[in-house]
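Visitor: Sequential numbering of the sequence shown, starting at 1, is according to my numbering.
Honestly, the hints are just simulated from the structure, not real lab data.
Warning: the hint list may mix true and false statements.
Said to hold, decoys possible - Cβ-Cβ distance ranges computed for the label pairs, FRET-style:
no., residue 1, residue 2, range
1, Gln129, Ala69, 13 to 23 angstroms
2, Ser149, Ser98, 44 to 54 angstroms
3, Gln124, Gly34, 21 to 31 angstroms
4, Arg121, Ile32, 26 to 36 angstroms
5, Leu62, Thr139, 26 to 36 angstroms
6, Ala75, Ala7, 16 to 26 angstroms
7, Ile32, Ala3, 36 to 46 angstroms
8, Leu162, Ala31, 48 to 58 angstroms
9, Glu158, Gln70, 31 to 41 angstroms
10, Ala40, Gly120, 37 to 47 angstroms
11, Ala154, Gly104, 14 to 24 angstroms
12, Gln124, Ala69, 16 to 26 angstroms
We put the CB at the ideal spot given by N, CA and C, even for glycine.
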Amino acid sequence: EQADITADFICLSKGITGGYLPLSAVLTTDAIYGAFYDDATARGFLHSHSYTGNALACRAALATLDIFAQDDVIASNQSKAAQFNRAAEALRQHPRVSNFRNTGMIWAFEVDGVSAGFAGRFYQAALAQEMLLRPIGNTVYFMPPYVISEAEFALLVERVVLMLDQLPE
């Protein structure tokens with residue numbers, strides 16, 4: 001939606017159960033669904049496996065979808081993302097940070113001038129600061145839970161700025 005793209009297929013997982021149980025779904029257009037659907041088993045596209053239709057995971061997904069509908073999670077996240085972008089200004093301006101960006105509730109930035117093995121070291125340092133971050137190469141990702149508060153996000157930024165300040169030149 002943010003990119004104004006209509007995909008033929010969308011794969012969903014993790015978030016559909018609130019991240020608590022494994023479940024995924026593949027969504028497609030009515031036209032593609034119609035091309036695969038047939039009452040005759042010989043002509044229909046049948047796919048299943050041992051883990052299909054886990055009742056607990058499906059119930060969790062339904063509860064998650066109810067919360068999204070009742071609490072207008074998307075609008076709330078848009079508001080939070082705007083607040084968090086302002087709170088992240090110190091990080092955006094850090095001399096070691098480049099290509100700072102976000103889409104929705106995901107932020108990413110490159111850390112300049114780091115040596116091999118940075119991602120593992122930064123991940124461990126973040127854990128020691130009680131943060132779960134996702135560094136890949138020299139890129140650090142923030143993917144906070146939707147229930148994060150503004151104060152918690154500010155603390156996340158503060159701790160990451162301190163970690164960046166302590167990086168060797």
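Visitor: Hint by hint, say whether it matches the structure.
Guide: Status of each hint after checking the structure:
1. Gln129 with Ala69: 13 to 23 angstroms: Taking Cβ atoms as reference, Gln129 and Ala69 lie about 35 angstroms apart, which means the hint is violated.
2. Ser149 with Ser98: 44 to 54 angstroms: 28 angstroms, violated
3. Gln124 with Gly34: 21 to 31 angstroms: 50 angstroms, violated
4. Arg121 with Ile32: 26 to 36 angstroms: 45 angstroms, violated
5. Leu62 with Thr139: 26 to 36 angstroms: 35 angstroms, holds
6. Ala75 with Ala7: 16 to 26 angstroms: Given a distance of about 22 angstroms, which is inside 16 to 26 angstroms, the answer is holds.
7. Ile32 with Ala3: 36 to 46 angstroms: 20 angstroms, violated
8. Leu162 with Ala31: 48 to 58 angstroms: This hint holds: roughly 52 angstroms between Cβ atoms.
9. Glu158 with Gln70: 31 to 41 angstroms: 33 angstroms, holds
10. Ala40 with Gly120: 37 to 47 angstroms: 54 angstroms, violated
11. Ala154 with Gly104: 14 to 24 angstroms: Holds - the Cβ-Cβ distance for Ala154 and Gly104, about 19 angstroms, lies within 14 to 24 angstroms.
12. Gln124 with Ala69: 16 to 26 angstroms: For Gln124 and Ala69 the Cβ distance comes to about 39 angstroms; the hint is violated.
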